[in-house]
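Engineer: Listed below, chain by chain, are the residues.
There are 2 protein chains.
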Amino acid sequence: MTPYSDLSPSPRTIMTPGPVEVDPRVLRALSYPILGQFDPEFTALMNETMSMLRSLFQTENRWAYPIDGTSRSGIEAVLTSLIVPGEKVLVPIYGRFGHLLHEIAERCGAEVATMEKPWGSNFDPEEIIAAIRKERPSLVAMVHGETSTGRIQPLEEVGRFCRENDVLLVVDAVATIGGVPVEADAWFLDAVIGGTQKCLSVPSGMAPITYNERAERKIIARKVIERGLRQPGQPSESSGLAGIRSNYFDLAQLQDYWSPARLNHHTEMTSMLYGLREGLRILLAEGLEARFARHRLQERALMAGLTAMGLKLYGDPSCKLPVVTCVEIPPGVDGESVRAMLLNRFGIEIASSFGPLKGRIWRIGTMGYSASMRNVLLVLGALEAALLKHGVKLPAGEGVQAALAVYEAETA
Amino acid sequence: MTPYSDLSPSPRTIMTPGPVEVDPRVLRALSYPILGQFDPEFTALMNETMSMLRSLFQTENRWAYPIDGTSRSGIEAVLTSLIVPGEKVLVPIYGRFGHLLHEIAERCGAEVATMEKPWGSNFDPEEIIAAIRKERPSLVAMVHGETSTGRIQPLEEVGRFCRENDVLLVVDAVATIGGVPVEADAWFLDAVIGGTQKCLSVPSGMAPITYNERAERKIIARKVIERGLRQPGQPSESSGLAGIRSNYFDLAQLQDYWSPARLNHHTEMTSMLYGLREGLRILLAEGLEARFARHRLQERALMAGLTAMGLKLYGDPSCKLPVVTCVEIPPGVDGESVRAMLLNRFGIEIASSFGPLKGRIWRIGTMGYSASMRNVLLVLGALEAALLKHGVKLPAGEGVQAALAVYEAETA
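Residue numbers (the UniProt record's numbering), protein chains in the order written: chain A, 1 to 412; chain B, 1 to 412.
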């Protein structure tokens, strides 16, 4: 006998900016017996998943497949495959995850130029375009939705300028994909990284990516077939640019694995792929437009409830990220104590934030399966109770009533 | 409506060297609702998993945790964190996965020296020790169990020599962990990488690793805290050796995430962690010794059945890997046609091999949940039928009878 008990996780209403609750149909998919990685039934599921990802990213790109790791693995795979050491990269930063792009690009060997906006705001596209003119980077990497501050960055103008000036544009859409529009082709995005554990409501563990022919050309120029798989005569060095520094994140090798050649690389994560495919199937059955509308409705109800309760929303409203609502912690209140009460008494989780916002705001997500009327009403009621218990004066009952009014107006 | 059908994978008896069948209790664990990554209930599960991994690796090391990716992600994380670009690394190669270590070490910037044995054999430890004396590497990386050839490499003598001569020894135990003994401390292994999808019978998706204080000292000397998480005054460059090139695989950052500090890094794969914890719980309940004995028994029965059928086992028997049995494809037989018949008619999967062994051998795994009497008897019966159908002359019925005799002798 071992001292370890049976797994028995407590039920949770997860209203953070991720990971959020997983759709029960996805959980069911995770529990199905596995297939071998080269079983034709499994490779057919891989192909279906690629096709679904193209719909998700709104792209005609050939390449759309998951990286086998958490969201930042997708970011690192794209950046390490696209950045030749020594190249100039521009990273506009308006929150924590911009700093992460800076960090990863730097470790890929890039000479990184950054530009920063105060947390709570975003960039005017013209500012970024001016910086591109000045810095002349070969690649721009930026965040579409900053969960650390709850802001969103418009991309189309920057995308068009990059396309016209032969600059690659890489976008971290981890927080937005599946919850708000992400249009890879229409916005001229050369590579996009999505996340599973947010608006897709699939557990953390895969990072769907897509990239176009412009990106692929650069990747192919760095390609080397893996040692142990090379046929006699195949080159041991890349033909053009310096080789890719990572084997695990080598998109040139990964796309061979995801192509009909099925050249052996890693062992695909069977169960996670089942989950991703099911999450995408559910999303496409709901429809992208309906899904985006659902996310906007939940945001509206949540914001109405929070403001009716007398709380102050954080940040510039003109660039609010629809799927994350940041709210200021009332003066004198211990934010962590409120969060602990929500979790321990109500089984509801909301998030704190990072760096300069630590202790100043709470972040409430309305993402994927968690973006539901039920969850919004539960979190508003519980937050009110926790605030009252912490001695905050507020108009009791108003928050939930205001949210209900939003739902009733919607169905009227 | 979408054109995508309900997920409904066909039942499979998977007798490859991985991925193998997943224990149904692990599949159940994957289907449980998730917890947030910093939920105290979840971090408690992370800590339990670390403790279980120490038992699995037979180590007192502080650090034993999974990398969030497939097995080779664990190899790359260890090598990229331990190899400072320009350092000398020795890789003894006796099959395909030695070439992978070479490839990954090279991409980490190492100056790699290799030594090779013909496929089907392994190294005398004295040969490796002589090469270490000659090459004077700072690190030796080698494979414990080569699934491509079905061979195993003894490690203890090499480990002792490395320890005495201040060389780090990194071992790929992906194929062996949980199926045959892997004794990190007793064999003087500085870092070990295991796999989930083989003898642990957990789906592919995590790579458990362990490393000792010798390895940690080198990692810490390369440490830089992530941009966006750094406090004022914390350094932006490592204090000693050159920094680690990867963010995702930076063990200095990952061990902070797995420590009580819980410094934010990636979003831990909740469902995969549930699965890994359950797989380890099942393994420890069975007991390591009993589990190793079960794997040896299934190997014995399988080998008896195959030889009674008139088939020839491949490779040097003195270094046979107990959990993979390689068998020569009879002359004139199309190995892929036999494999397809097994899969399509019987729902049973066995493997082919790589490079020089492609088309020459089949590889049959007896790993984890798939290492069962039922599976061994089913694969022997089905293989006999498929060979008869392909016109091979063999003593019908003898294979299964020989395996049954092994089981009966065991219980007599």
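Since the hints were made in silico from the structure, they are not lab data.
You may find that some hints are simply not true.
If several chains are the same, the list does not tell them apart, and a pair holds so long as it fits within one copy or across any two.
Said to hold, decoys possible - Below, computed lysine-lysine pairings styled on DSBU-like, alpha-carbon distance capped at 35 Å:
1) Lys-223 x Lys-358
2) Lys-88 x Lys-223
3) Lys-223 x Lys-312
4) Lys-358 x Lys-312
5) Lys-389 x Lys-134
6) Lys-358 x Lys-88
7) Lys-88 x Lys-393
8) Lys-312 x Lys-134
9) Lys-134 x Lys-223
10) Lys-88 x Lys-134
11) Lys-393 x Lys-223
12) Lys-88 x Lys-312
Engineer: Taking the hints in turn, state whether each one holds.
Structural biologist: Comparing the hints with the structure gives:
no.: 1; hint: Lys-223 x Lys-358; verdict: between (43 Å within a copy, 24 Å between copies)
no.: 2; hint: Lys-88 x Lys-223; verdict: both (21 Å within a copy, 24 Å between copies)
no.: 3; hint: Lys-223 x Lys-312; verdict: neither (52 Å within a copy, 39 Å between copies)
no.: 4; hint: Lys-358 x Lys-312; verdict: within (16 Å within a copy, 66 Å between copies)
no.: 5; hint: Lys-389 x Lys-134; verdict: neither (54 Å within a copy, 71 Å between copies)
no.: 6; hint: Lys-358 x Lys-88; verdict: within (32 Å within a copy, 44 Å between copies)
no.: 7; hint: Lys-88 x Lys-393; verdict: neither (53 Å within a copy, 66 Å between copies)
no.: 8; hint: Lys-312 x Lys-134; verdict: neither (38 Å within a copy, 69 Å between copies)
no.: 9; hint: Lys-134 x Lys-223; verdict: both (31 Å within a copy, 33 Å between copies)
no.: 10; hint: Lys-88 x Lys-134; verdict: within (12 Å within a copy, 41 Å between copies)
no.: 11; hint: Lys-393 x Lys-223; verdict: neither (63 Å within a copy, 46 Å between copies)
no.: 12; hint: Lys-88 x Lys-312; verdict: neither (40 Å within a copy, 58 Å between copies)
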